[in-house]
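Peer 1: One-letter residues, chain by chain:
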Amino acid sequence: MNQPLHSPFVPEETYQLYLAGLLANNRQQCRASFEQWLEANNGLRSLYEDLVQRSLYEIGDLWERGRISVATEHLATAISESLLNLAYPRLFAQPRLGKSAVVTCAVNEYHQIGAKMVADFFELNGWRGYFLGANTQVQKVQELVAEKRPNVVALSVASLFGMDALVHAATEIRAAFPEVPVLVGGQGFLWGGRAQVEHLPGVRYLTSLGELESWIKEGEIHV
Amino acid sequence: MFDGIAIAEVMRTYVLESAPVLALYLDANYRVAGANAQARRVLRDNALGRPLAEQIVDFSHSLDLPWLIRQGDTVHRLMLSTASGIPETLGFRFFPLPVGVLALASLDLQEQQELCEEVLGLNRELNDLTRQLHQANAELRELNQLKNQFLGMAAHDLRSPVGLIINYSEFVLDEAGEKLSAEHREFLRISLAAATGMKQLIESFLDLSVIESGQLRLELAPARVPEILAGVEKMARLIAAKKKITLQFDRADNERRLQVDMPQLRQVLLNLIGNAVQHSVPGQRVWVSSRWEHQNLVFAVRDEGPGIAPEDQAKLFKAFGRAGTKKTAGERSVGLGLAIARKVVEAHGGRIWVESTPGQGATFLFTIPVQEQPAQPIAQ
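Those protein sequences? They're chains A and B, same order as listed. The first sequence: position 206 = 207 (this note's numbering), numbered continuously. The second sequence: position 338 = 445 (this note's numbering), numbered continuously.
Derived from the structure by calculation, the hints contain no laboratory data. Beta carbons are placed, not taken as given, at the ideal position from N, Cα and C, and that holds for glycine. Any given hint might turn out to be false.
Pairs of lysine to any residue residues, derived as SDA-like cross-links and limited to a Cα-Cα distance of at most 20 angstroms, are as follows [said to hold, decoys possible]:
(1) B/LYS422 with B/SER311
(2) B/LYS341 with B/GLN391
(3) A/LYS141 with A/VAL181
(4) A/LYS100 with B/SER311
(5) A/LYS149 with B/GLU249
(6) A/LYS100 with B/GLN391
(7) A/LYS141 with B/GLN242
(8) B/LYS254 with A/PRO96
(9) A/LYS149 with B/GLN391
(10) A/LYS100 with B/LYS425
(11) A/LYS100 with B/ALA245
(12) A/LYS149 with B/LEU247
(13) B/LYS425 with B/VAL317
Quick list of the computed label-pair ranges, beta carbon to beta carbon [what the hints assert, rightly or not]:
(14) A/ARG195 with B/TYR121: 50 to 60 angstroms
(15) B/ARG324 with A/GLU14: 42 to 52 angstroms
(16) A/ASP165 with B/TRP174: 44 to 54 angstroms
(17) B/VAL182 with A/TYR111: 45 to 55 angstroms
(18) A/ALA94 with B/ARG292: 55 to 65 angstroms
(19) B/SER125 with A/VAL71: 56 to 66 angstroms
(20) A/GLU36 with B/GLN402: 56 to 66 angstroms
(21) A/TYR111 with B/GLU310: 50 to 60 angstroms
(22) A/PHE10 with B/PRO417: 51 to 61 angstroms
(23) B/GLY466 with A/LEU87: 41 to 51 angstroms
(24) B/TRP174 with A/VAL71: 15 to 25 angstroms
(25) B/GLU453 with A/LYS218: 37 to 47 angstroms
For reference, chain A alone in the conformation it holds in the complex (with noise of 0.2 angstroms):
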């Protein structure tokens, strides 16, 4: 089943619909806006940016500024997160082109959605897009990658703290399976740390999304 990859962005209406639900941790109101956007046949890529990413950030900002307590802003991330099983009988429906990607967050990141929705862009472009969760030891990515042989390791960091552990993760895993590439990013890059990778030999920061699905597209193996 092949899905309209560019399909039209979401309603500003719809959208601000989401992020008000989210706002006061109304699932249901979440879902419907979920649910209507899923049952028009419209594009997962616009539903996962323009949707769940967007919201997302603008969360994290009005978290950042004070303005809604971290309990929202926890919940707000469970609703979205809950949400995303209902995309996944399409999701997995994506034709396959044979190739992998293991994605996982580095030990202590328990800000997990962000990688998951990476894993996730892979199966959407053809891929298979295997996904560790949140603080996830090295040796259990190493496990996998060994089982798996990917194409390619994807590090996601959502804060700054993490940085040292996804440098650190990144080093071994390249030490361990050196024709395998390395991409990084997350929301932790906003507060520095691209120093800290770009030195690193077959590891790559990418920005966003679209920068990801670019990457896969042009078929991009060597990093």
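Given chain A, work out where chain B should sit, using these hints.
Peer 2: Below, chain B without anything else, positioned relative to chain A:
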């Protein structure tokens, strides 16, 4: 300026009665002698007058309330029995009075926070597992497609050589049979029977791989019940006559037309009749009937065989899901016929099932709805 009495009044009225804090007055024997509004709302109805220790959930059985009270201004996390029936963990502080004790208890925010984190963590794990499940399902679908391709290719490539073996075996038996010894003729007949069984198996595999890969398209055409059964009856009577089984046809008596793929539907009927005959012994009867029910035509094939155990009935329509009953004359079966029949019936928009009591025969039924729709590919 407030004097001491006024401050005490404010404390009593507004703090003790309105604040989200449970305030309990314990008498000299540590019984609950008084409670503020918040405490009365939370505590069980019979709390007043009973020792507080009896109202604390203490799994370790080591609660020493007088000792806790003597510890002074320290917060003690205790689980209190509540009116809701669900114990509530509260932070207790005890203030000894000249007579009795004042106990103040508030919700344990740390526990609330821990619980919230725990629930969010469980939610994350559940979401991750759901994703893994969807991914595993997608991978299984891919593997199933590969299996179907392999099955189709293997069956296709095997069919020709097996056909040659059958043809040449028949040719040798026909042309040179007289020149062979009786033993050699028997060898050839065994080879021929085995090859024929193999060909049947291969053709079933091919049918199944075509159906499961979604490549089978029904070619629907209007047909009346007598036309459908007429194409089946001759072959069915041959099958039944070989085992001396009496076959009885009972047709729905009207001229309504159905949209069916005639060859596929006849194959389903022949399959069911063949099964019924195989499970019958000479002298028994098999009935083939049809009747209208609402917007469906219901076909039924009934036999007087050994019947099918309830635990076997559910698996009958799955590939290789044979029942425990044996064919009465040792007939061979690969266990694909009913799986194929089910796919064909479902592609017509109908359903197939069996009704049977062990020892009292079995009736296989399937429905074909009246519809005027174009041919549909079979969903995987």
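Peer 1: Hints first: check each against the structure and report whether it holds.
Peer 2: Do the hints match the structure? See the list:
Restraint check for B/LYS422 and B/SER311: the C-alpha separation of about 18 angstroms stays at or below 20 angstroms, so the hint holds. In summary, the hint linking B/LYS341 to B/GLN391 is supported, as the alpha carbons are separated by about 19 angstroms, within the 20 angstroms threshold. In summary, the hint linking A/LYS141 to A/VAL181 is supported, as the alpha carbons are separated by about 16 angstroms, within the 20 angstroms threshold. With a C-alpha separation of about 35 angstroms, the suggested pairing of A/LYS100 with B/SER311 is violated against the 20 angstroms cut-off.
For the proposed pair A/LYS149 and B/GLU249, the alpha carbon gap of about 16 angstroms is at most 20 angstroms, so the pair holds. Proposed proximity of A/LYS100 and B/GLN391 is contradicted: the alpha carbons are some 60 angstroms apart, above 20 angstroms. Between the alpha carbons of A/LYS141 and B/GLN242 the distance comes to roughly 19 angstroms, so the proposed pair stays at or under 20 angstroms and holds. About 17 angstroms separates the Cα atoms of B/LYS254 and A/PRO96, which keeps this hinted pair within 20 angstroms; it holds.
Using a Cα cut-off of 20 angstroms, the hinted pair A/LYS149 and B/GLN391 is violated, with the two alpha carbons roughly 59 angstroms apart. As the CA atoms of A/LYS100 and B/LYS425 are separated by approximately 33 angstroms, the hinted pair breaks the 20 angstroms bound. For the given pair, A/LYS100 sits about 14 angstroms from B/ALA245 by alpha-carbon distance, which is consistent with the 20 angstroms threshold. With a C-alpha separation of about 16 angstroms, the suggested pair A/LYS149 and B/LEU247 falls inside the 20 angstroms cut-off, and the hint holds.
Distance check on the hinted pair: B/LYS425 and B/VAL317 sit about 16 angstroms apart at the alpha-carbon level, within 20 angstroms; holds. For A/ARG195 paired with B/TYR121, a C-beta distance near 56 angstroms keeps the hint of 50 to 60 angstroms intact. Between B/ARG324 and A/GLU14 the C-beta distance comes to about 43 angstroms, which sits within the given range of 42 to 52 angstroms. The hint said 44 to 54 angstroms for the Cβ distance between A/ASP165 and B/TRP174, and at roughly 47 angstroms that hint holds.
The supplied range of 45 to 55 angstroms is broken by B/VAL182 and A/TYR111, whose beta-carbon atoms lie about 28 angstroms from each other. At roughly 57 angstroms, the beta carbons of A/ALA94 and B/ARG292 sit within the given window of 55 to 65 angstroms. For B/SER125 paired with A/VAL71, a C-beta distance near 28 angstroms fails the hint of 56 to 66 angstroms. The beta-carbon spacing between A/GLU36 and B/GLN402, approximately 32 angstroms, falls outside the hinted interval of 56 to 66 angstroms.
In this structure, A/TYR111 and B/GLU310 meet the distance hint of 50 to 60 angstroms, their C-beta atoms being roughly 57 angstroms apart. In this structure, A/PHE10 and B/PRO417 meet the distance hint of 51 to 61 angstroms, their C-beta atoms being roughly 56 angstroms apart. Our hint of 41 to 51 angstroms for B/GLY466 and A/LEU87 holds, since their Cβ atoms are close to 50 angstroms apart. In this structure the supplied range 15 to 25 angstroms is violated for B/TRP174 paired with A/VAL71, their Cβ-Cβ distance being about 38 angstroms.
In this structure the hint that B/GLU453 and A/LYS218 lie 37 to 47 angstroms apart at CB holds, the actual value being about 39 angstroms.
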